[in-house]
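Visitor: Spelled out, the chains give:
Number of protein chains: 2
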Amino acid sequence: MRIAVDVMGGDHGCGVVIEGVKRALQTEKRITALYLVGDRSEIHAALPQRGFRDHRVHVVHASEVLTMTDKPAAALRKKKDCSIARAVELVHDGKVDAVISPGNTGGIFAAATFKLGRIPGVDRGCIATVIPTPDHEFVLLDAGANIECKPLHLAHYAVMGSIYSREILGYQNPRVGILSIGTEETKGNELTLGAFKLCKLLDLNFIGNVEGHDLFRNRVDVVVCDGFVGNIVLKTCESLALAMFSMLKRELTANPRRQLGALLAQNAFRTIKRRMDPEGFGGAPLLGFNGTVMKAHGSARERAIANAIHITTENIQHQVNQIIANEIARANERLIADETVAAIVLSQN
Amino acid sequence: MRIAVDVMGGDHGCGVVIEGVKRALQTEKRITALYLVGDRSEIHAALPQRGFRDHRVHVVHASEVLTMTDKPAAALRKKKDCSIARAVELVHDGKVDAVISPGNTGGIFAAATFKLGRIPGVDRGCIATVIPTPDHEFVLLDAGANIECKPLHLAHYAVMGSIYSREILGYQNPRVGILSIGTEETKGNELTLGAFKLCKLLDLNFIGNVEGHDLFRNRVDVVVCDGFVGNIVLKTCESLALAMFSMLKRELTANPRRQLGALLAQNAFRTIKRRMDPEGFGGAPLLGFNGTVMKAHGSARERAIANAIHITTENIQHQVNQIIANEIARANERLIADETVAAIVLSQN
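So the protein lines, in turn, are chains X and W. Under my numbering, the first sequence has 98 at position 98, and the numbering climbs by one with no breaks. Under my numbering, the second sequence has 122 at position 122, and the numbering climbs by one with no breaks.
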């Protein structure tokens, strides 16, 4: 496997990303070539600093970076030599099998859209995030790429999320639900009501609508929503989990008695933190594109980058994109075969 | 103050609600009359069982109940003698100053809409929920009443939420934000982009867009969104907090060493649980109606009912509805004075 890593654009600089790459390569023997894409001099300074020598590593220079505040589409046009564009081009040119970037999400999405294009039959790509719960993980998609969605987009997300859950998380028959405000088919907004009609027709373990209440109770494995809702849900969960951890820390260090108690029970807290840590997955795949593209968290540190690389190799190994192409084609055939639904879908496009 | 409590329709039966009323009356001397609305025989059986005698208590019979699965508007038409309808009628007839119900949210909202009507100038009512964070509380509105919103609705929610935060939570100059997917004015969907333009013109401490990340970091006091997003956020937070508490419990009881640690640190957990407990507020007000209407959680137990009654007396004391009427009128004047905005608002209605 050959992977390109955009080492620029993360919050902690290229050194942290390179250290993550180093760790991943130590265990990941399936990788035969790894391209570090970014500022040549920064990379060449970071490599020896970290004692990183590996014959699989190559450097691809890019003189520019998309910053977190850049407007994606416009900045991509302007900064032609930016690292994310160069890295995605390596996928397009067949030089690597996948690309990973901790940079500007919109920029990665725009680069994938413009330079790779979508898998035939997929109307919109999306970002899928794995969210840990005490007893399992669920895939949330779209996590923020596509703000104004149509029912067909959600139906495609259901198919792609189901594949991702099966191939990468190992759920045999993932339960797919539409995130809404009541479990009945009649509850929801125009978008979710339409998506419900489409999902019913697909070859999925579709369990109908799910509510916010269901997310952390091991009731659903794939949670489908538009990118506006998904982004808010994802960030709200991160914010609340973080707040509860920091409150726990504050309270447990408030006096010596509690400190002793916390010391005795420290493995309990470690387990919880490890279990609920979003960095455990490290990467959120962009699904629906002609190429494997993984978004790492902007604040990803070494371990998260290493995990993102690991998840990326799993994506390649399991041929997620080929499966998506096949199953989306089958799904579209089913939808078009239903006259009422076909009319709805066509009228929206 | 005179308050009506719909004792039917909660998950735990009328006895639990009546016990909550009993507790509230023990401390709440401002209440001069309290009407228990529901099945007469059930109420008369529950009162002596709980040793509840108070000269302020009156019973108003209602032979029917809106269940959680009833379709609100249709059921209200059919079940003319249901407890929520009877209780809201007491407000309408001027016999009480406020009503509290733990029943079907849609039913309470429909009863308020049909029987009380909206405060002049308010285009849509909403449900406001107080969400606790480690360091403060924020008001989230709409929490699920109004699924398809227009920018003007969100602007009105901003005004009403600001008043509620100031009068009931005691924030002097509450920070009002629109829940979106980026802090820049240009980030969001059609609804939030429009609402941003309107909120800028209002006499509010409007801090612009907030993201999911900001919710539990003490950055915003009033979070404005449509009822679809609000309901999902509210239930997701409840679900995640509950999952983390139960995971903590499971891990802390896993072996004797951890159990001892947990015992030593138990006050830390108590503090966190008390702090993050949604029952602490007990009631979510319906804002924008000609009358004070408080929704208690369907699963509310005695303490939550008592808290809902306490919050309701605060609403009456602070004349929240009168302030809303005045400030909404002022807000509408400001919006209409801006020609561009007036054109947008009018074109949407």
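Any given hint could be a false lead.
If chains are identical, the list can't say which one is meant, so a pair holds when it fits in one copy or spans any two.
[What the hints assert, rightly or not] Okay, derived cross-link-like pairs now, SDA-like style, lysine to any residue, Cα gap no bigger than 20 Å in a straight line: (1) K80 - D39; (2) K71 - E184; (3) K200 - G291; (4) K71 - T186; (5) K200 - Q49; (6) K273 - A243; (7) K187 - A74; (8) K71 - K187; (9) K78 - N173; (10) K235 - A343; (11) K200 - D123; (12) K71 - A33; (13) K235 - E185; (14) K80 - V320; (15) K79 - L47; (16) K80 - A243; (17) K79 - R166; (18) K80 - N189; (19) K95 - K273.
None of these hints come from the bench; they were simulated from the model.
Visitor: Failing hints, ascending?
Guide: The structure conflicts with hints 3, 5, 9, 10, 12, 14, 15, 16, 17, 18 and 19, although it agrees with all the remaining ones.
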